[in-house]
Amino acid sequence: MVEGSVTWSLSDADHMTAAEIYGEMLVRLGEEREEVVALTADLARSTKIGKFEEKFPERFFNVGIAEQNLFGIGAGLALAGYIPFISTFAVFASLRAGEQVRTDICYQNLNCKIIATHSGVSFGQAGSTHHCTEDISVMRSFANMTVIVPADGIETAKAVRACIDWPGPVYIRIGRGFEPWVHKDDKYDYKIGKGIEMVSGTDITVIACGPSVYAAVDAAKTLKDDDGLSVRVIDLHTIKPIDKEIIVKAVTETRRIVTFEDHNIIGGMGTAVADVIAESGKGCAFKKVGIPDEFSIVGYPEDLYNHFKIDSEGVIETVREVMGKEYEEDEDWEDEM
Amino acid sequence: MPLSDSELKKLEEKAYQLRKDVIQTVAWSGGGHAGGALSQLDLLVALYYKYMNVDPKNPEKEDRDRLVLSKGHGGVGYAPVLADKGYFEFDLLKTFNHTGSRFGMHLDKLKVPGVDASTGSLGHGLSIAVGLALGAKIGGKKWITYCIMGDGEQHEGSIWEAAMAAAHFKLGNLIGFVDRNRFCIDGKCEDIMNVEPLDKKWEAFGWKVVTINGHDYNEICGAIDEGLAYKDGPFLIIANTVKGKGVEFMEGVAAWHYGGLDGEKTKEALASIDKMYGK
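Read top to bottom, the protein sequences are chains A and B.
Taking the numbering used here, the leading residue of the first sequence gets 1, the next gets one more, and so forth.
Taking the numbering used here, the leading residue of the second sequence gets 338, the next gets one more, and so forth.
Treat each hint with caution, since some may be false.
[Claimed, not checked] Some but not every residue of chain A turned toward chain B, in silico, with C-beta under 7 Å: (1) Pro57; (2) Glu58; (3) Val63; (4) Gln68; (5) Asn69; (6) Ala75; (7) Gly76; (8) Leu77; (9) Thr103; (10) Tyr107; (11) Gln108.
It is worth saying that the hints were derived from the structure and are not from the lab.
From a predicted model like this one, the values you see are computed outputs, not experimental measurements.
Beta carbons are placed, not taken as given, at the ideal position from N, Cα and C, and that holds for glycine.
Please work from the sequences and hints to get the whole structure.
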């Protein structure tokens, strides 16, 4: 067992959803730290935070269907010295209670950890009211907020473990929980704010977060086998603070970048990456893929990922398209600085 | 039990001085929420000079009583109280609202010692107060959480989410106030959006409620005593107050929700306060 690992065997974890793993991890943190409290707004079952309720009923609060109050109470508990883990669907955390998150939690720089589930289009058949393709954009614009989008269950466990000692408010965005796993084990180095190179490559870099990381890793294999392309894949699990170093290195070394995310292409991870590229002074071929500026359609999540081209097929198609584009082949960076 | 003459005199003298400090701060600030600052003042004086366990030399003392000024725009009437208690130098108030100041019209906990929660956007404070009271309850802490709300603020739905939760969690360590001065920005609360019957609403949400004259120290302290003795759940004090209390030209005038004071108006306001206290 490596230090800081998720502390249970993969045979157990393999058939658990990211949210279930979050629930397990929260129980462990509750055992270790008595200041950990958990809150939800009538979504203890859906967000799997109920595991904590079973173990620590006196430190668990269900406020009913009242999200503004949920985050306000969380702020009060943090002011009283606790570390609140607050869970609801991403759409309610970022939009229904957006002002409470901003003003009560971020403005006061409180030690609240928000674990939002059912993000992006992962709640497929529930439709646009329950999809959340705006939360990365909203949350990363709040000063003091850290924004994390784990790629899968293992990474969710690592993020939840890491966030407890990361100062201030943290937003961890997970899906509904049926996304495929990309990390094969937990024996890798995870640091908030540092992206992970999943696949090395020199022709093009695919930067992804959330379930798109699996799609990108899967696509990289096909692109290597069928097209002979050397595709670098980066799991950019932390959107804020963003890992500038890994992005600028990719620009310099591969000169083509595409981003994939289960979020509106306006203001999400792709936009954050674009900001870093623009400020680096280095040009490159670039494309953002995600949910376009429209309300998402209803369907099974995997069908929606396909529809919005954020599945493996979509990554393959986009990478081929960007590889076919012309751009300045000049190797002299000096004129671009 | 009624206050002793000396205790009553002490509180009223403090209120007299602080009403003048508030006017002075409004003048320095270039504009402030004078009406609501003066209506809430006697509640703050009773809390800070008779009830609250606080230590201005150690503002973050763990077992201190907490106050959440949910009507955050009352900051211009709260900061002079904190200055007088000794949380910071009184002269700092001269910077109120100025560029780069620690004091904006809504006080920031991270910048102003003595403030237990940053507030400003209405309808947020009671939820924070519920969290503080809940924290005390589960941690076996003895502190009392007080929360002063506005009456226009009662329009916010989140107030009622928090009211429901406070009763549900049986927070016998939470005392709320409604500074019932009857005005919001656009006019009389009842004309904008009727909040009556306010006492019945809070009772229906599971709170024990008393209604008092919010400028009468015997009534204010009697209600707080009753609230401290009541441990079965949250306790609400609806304090009937006068917007702009103490300054004749402000009293009951909606326009004095927010306003500025030039030299002459400041003198007039201070003279009016002298007159009210028979000075």
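Tell me the numbers of any earlier hints that the structure contravenes, in ascending order.
1
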